[in-house]
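> What follows is each chain in one-letter form.
Protein chains: 2
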Amino acid sequence: MYRKILMRMRMRMMNATRKVVVGWAKEYKRYLSTTTTNQILLSPPLVSVDLPEIWGSTSTLYHHHPSQSPVSHAKIINGKSIAEEITSRVASNVKRMKESIGKVPGLAVILVGQRRDSLTYVRNKIKACEEAGIKSVVAEFPDSCAEEDIMTSLSKFNEDPSVHGILVQLPLPEHLDEEKILNLVSLEKDVDGFHPINMGNLSMRGREPLFVPCTPKGCLELLLRSGVEIVGKKAVVIGRSNIVGLPIALLLQRHHATVTIVHACTKNPERITCEADIVVTAAGVPSLIRSSWLKPGAVVIDVGTCPVEDPSAEYGYRLVGDVCYEEALSIASAVTPVPGGVEPMTIAMLLCNTLDSAKRLYGFT
Amino acid sequence: MYRKILMRMRMRMMNATRKVVVGWAKEYKRYLSTTTTNQILLSPPLVSVDLPEIWGSTSTLYHHHPSQSPVSHAKIINGKSIAEEITSRVASNVKRMKESIGKVPGLAVILVGQRRDSLTYVRNKIKACEEAGIKSVVAEFPDSCAEEDIMTSLSKFNEDPSVHGILVQLPLPEHLDEEKILNLVSLEKDVDGFHPINMGNLSMRGREPLFVPCTPKGCLELLLRSGVEIVGKKAVVIGRSNIVGLPIALLLQRHHATVTIVHACTKNPERITCEADIVVTAAGVPSLIRSSWLKPGAVVIDVGTCPVEDPSAEYGYRLVGDVCYEEALSIASAVTPVPGGVEPMTIAMLLCNTLDSAKRLYGFT
Chain A
1 MYRKILMRMR
11 MRMMNATRKV
21 VVGWAKEYKR
31 YLSTTTTNQI
41 LLSPPLVSVD
51 LPEIWGSTST
61 LYHHHPSQSP
71 VSHAKIINGK
81 SIAEEITSRV
91 ASNVKRMKES
101 IGKVPGLAVI
111 LVGQRRDSLT
121 YVRNKIKACE
131 EAGIKSVVAE
141 FPDSCAEEDI
151 MTSLSKFNED
161 PSVHGILVQL
171 PLPEHLDEEK
181 ILNLVSLEKD
191 VDGFHPINMG
201 NLSMRGREPL
211 FVPCTPKGCL
221 ELLLRSGVEI
231 VGKKAVVIGR
241 SNIVGLPIAL
251 LLQRHHATVT
261 IVHACTKNPE
271 RITCEADIVV
281 TAAGVPSLIR
291 SSWLKPGAVV
301 IDVGTCPVED
311 PSAEYGYRLV
321 GDVCYEEALS
331 IASAVTPVPG
341 GVEPMTIAML
351 LCNTLDSAKR
361 LYGFT
Chain B
1 MYRKILMRMR
11 MRMMNATRKV
21 VVGWAKEYKR
31 YLSTTTTNQI
41 LLSPPLVSVD
51 LPEIWGSTST
61 LYHHHPSQSP
71 VSHAKIINGK
81 SIAEEITSRV
91 ASNVKRMKES
101 IGKVPGLAVI
111 LVGQRRDSLT
121 YVRNKIKACE
131 EAGIKSVVAE
141 FPDSCAEEDI
151 MTSLSKFNED
161 PSVHGILVQL
171 PLPEHLDEEK
181 ILNLVSLEKD
191 VDGFHPINMG
201 NLSMRGREPL
211 FVPCTPKGCL
221 ELLLRSGVEI
231 VGKKAVVIGR
241 SNIVGLPIAL
251 LLQRHHATVT
261 IVHACTKNPE
271 RITCEADIVV
281 TAAGVPSLIR
291 SSWLKPGAVV
301 IDVGTCPVED
311 PSAEYGYRLV
321 GDVCYEEALS
331 IASAVTPVPG
341 GVEPMTIAML
351 LCNTLDSAKR
361 LYGFT
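Chain order of the listed sequences is A and B.
FYI, in UniProt numbering the residues of the first sequence are 1 to 365.
FYI, in UniProt numbering the residues of the second sequence are 1 to 365.
Hints are supplied without guarantee of correctness; some may be wrong.
The list cannot tell twin chains apart, which means a pair is met if one copy fits it or any two copies do.
[What the hints assert, rightly or not] Straight line, CA to CA, 20 Å or less: simulated SDA-like cross-link-like pairs of lysine to any residue:
| id | residue 1 | residue 2 |
| --- | --- | --- |
| 1 | 180 | 197 |
| 2 | 98 | 177 |
| 3 | 103 | 148 |
| 4 | 267 | 229 |
| 5 | 103 | 88 |
| 6 | 127 | 151 |
| 7 | 95 | 131 |
| 8 | 127 | 339 |
| 9 | 103 | 365 |
| 10 | 103 | 364 |
| 11 | 180 | 208 |
| 12 | 180 | 206 |
| 13 | 267 | 256 |
Since the hints were derived computationally from the structure, they do not count as laboratory data.
Modelling step: build the complete structure from the supplied sequences, incorporating the hints.
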């Protein structure tokens, strides 16, 4: 009797899931088929990939065909060319916006201090904005500046109708309260997606953040554009920072991967990582990930970029990822290079977020 | 040369980590030793368990002695008695507050419709408030009520200085916008911790939410009070709901477990779960977790409570958890029963959150 009730409940749940899954698949196909040339990203809206939390006792709901056999040479995921394609679509959208409503998106950057890496990042962002036709402005502050000065500048950008995105270049000097400063960024202009409301809405099922942090969004875009199936796959994210590890884990979970976050306290991270179909690594430890960490056929997204001394390189150093690239090439099915993998995508996503913000404000489609 | 630089960097990082870990352990011990009778919870403040994200190449930083050998009979984690102890401490704190500043904490509950389970939950919460000396008020609305009525009532509670905690009993009828309603709850009175800012701050490293959702907080408290080591342990959370699965995963990660969330799309959840040292299950599927899902010596926290028909039971049904209890007893090292495990803790944590809110408002320690 009890068994029968349970069986009936379970059957009902499974049927409900099937219907929803079929419905979702149809919706997704419709979404893809209606993608126009104005559509910049391949990825469906975050919320539309939400499924109800109904459990079935079989594993027949999804059919996966993982390529688990060793491959001789992985596909190289060319972030540079994907980012260029996205940037050129942003540029044509900006042009169209300017022609039809006489407005262009605007990005404001707050830069504190003279860190060499921050200066480089900001310079690259500004350059990318120029190329895409996005107006940009940088408010520079000395290392020793008062918190109030930054808050005042931020408030002005919040009020400025020509600014659609505000970016505080991190890290800030230690004497400044990062949380207080980031929380002041208007939710509608938080193109970095670091406001706790955006992060909370990224975490929660059925909610949609106004902006998704740029690097994680770029990683997801690389996966989607490379045709990597995510639903039901085992994903390991290495690193749990607020700006990369955490949000990429949340994004992968939204896309229904089974996600494990590996971090500095994890025992035997190698053993956990080598079971993953998808590895996203943002540990910032050069060449941490050897071939023994990877499952044959895994897809590897390397967010790490550490400068290491190299007298033979142009500037005396070169950038090295978390992954032993050559080793990964021989075992993975797809790998991002460093440089030229994730990092150009970060800027491309920043342009997308800034454009989206302006579009939202003006109701421009 | 390059190797040497790397080695030196790695050594420096490892030394830094050791210092921080030792420092943290000292701080934690000091915290425990200063715990007074007024201290309700054992758990340290969330932020103090934060460690820097520094990677070492060895696994000697933490020493774990997992009890992996099969045990004949698991310890039963008695949530009922732990909850009673916490409730009685809340009551004595409330008494002390009343005597010294003439105020008592107040909880407001919004209840929409006549769902039997919601009515029972609300009745139990109100009863617990009464027993602890916390003032409570319930605003009841019919199933068909207008959203504006709830919003108006909520706004009044937000303004009311005698209300320190506001709780919207979920689920709401389908025609109501849950997100909109929950977002209106004043952050300072969000004792359920479901506001996206609280959830965002729970997700982010270095941030501290004003309130942690009650059931997840209760699960963590059960683990801590049972002396379960969490740092570096493999934890599997089954279910990814906003109110249980997600926040308990975030909490376990804050306590430095390596967390995997298993959900309806996970392939072979049994294989993943049976590697976990700690299993928290909130799938809501009666008896989903058989002994084959559990690693010998695992700690099992069962959040599931499903009513199943049982003519021999007092009300014609009985509550069944996600876990096959008898089977778990023979393989786990500790298990929560259903009922009497997690669910009394949810209410105890609600009382704690409401008391904390009043203490914060009045600066009462």
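> Hint by hint, note whether the structure agrees.
Status of the hints after comparison with the structure:
Taking the shortest Cα distances, residue 180 and residue 197 sit within 20 Å of each other both inside one copy (14 Å) and across copies (13 Å). For a Cα distance limit of 20 Å, the shortest separation of residue 98 from residue 177 qualifies neither inside one copy, at 37 Å, nor across copies, at 36 Å. Taking CA atoms no more than 20 Å apart as the test, residue 103 paired with residue 148 passes in neither setting, with 31 Å inside one copy and 37 Å between copies. Taking identical chains as interchangeable, the C-alpha atoms of residue 267 and residue 229 lie at most 20 Å apart only when they sit on different chains, with a minimum of 14 Å there against 28 Å within one chain.
In this assembly of identical chains, residue 103 and residue 88 lie within 20 Å of each other by CA distance solely inside one copy; the values are 18 Å within and 63 Å between copies. Taking identical chains as interchangeable, the C-alpha atoms of residue 127 and residue 151 are never at most 20 Å apart, the minima being 25 Å within one chain and 47 Å between chains. Taking the shortest alpha-carbon separations for residue 95 and residue 131, only the intra-copy value of 11 Å comes in at or below 20 Å, while the best inter-copy value is 66 Å. Taking CA atoms no more than 20 Å apart as the test, residue 127 paired with residue 339 passes inside one copy only; the shortest distance there is 18 Å, against 61 Å between copies.
Taking the shortest Cα distances, residue 103 and residue 365 sit within 20 Å of each other inside one copy (13 Å), while across copies they are farther apart (55 Å). When the C-alpha separation of residue 103 and residue 364 is checked against a cutoff of 20 Å, the pair qualifies only within one copy, where the shortest distance is 10 Å, while the shortest distance between copies is 53 Å. In this assembly of identical chains, residue 180 and residue 208 lie within 20 Å of each other by CA distance solely across copies; the values are 12 Å between and 23 Å within a copy. In this assembly of identical chains, the alpha carbons of residue 180 and residue 206 lie at most 20 Å apart only when taken from different copies (12 Å versus 27 Å within one copy).
Taking identical chains as interchangeable, the C-alpha atoms of residue 267 and residue 256 lie at most 20 Å apart only when they sit on different chains, with a minimum of 11 Å there against 25 Å within one chain.
Checked against the numbered hints listed earlier, the structure breaks hints 2, 3 and 6; every other hint is satisfied.
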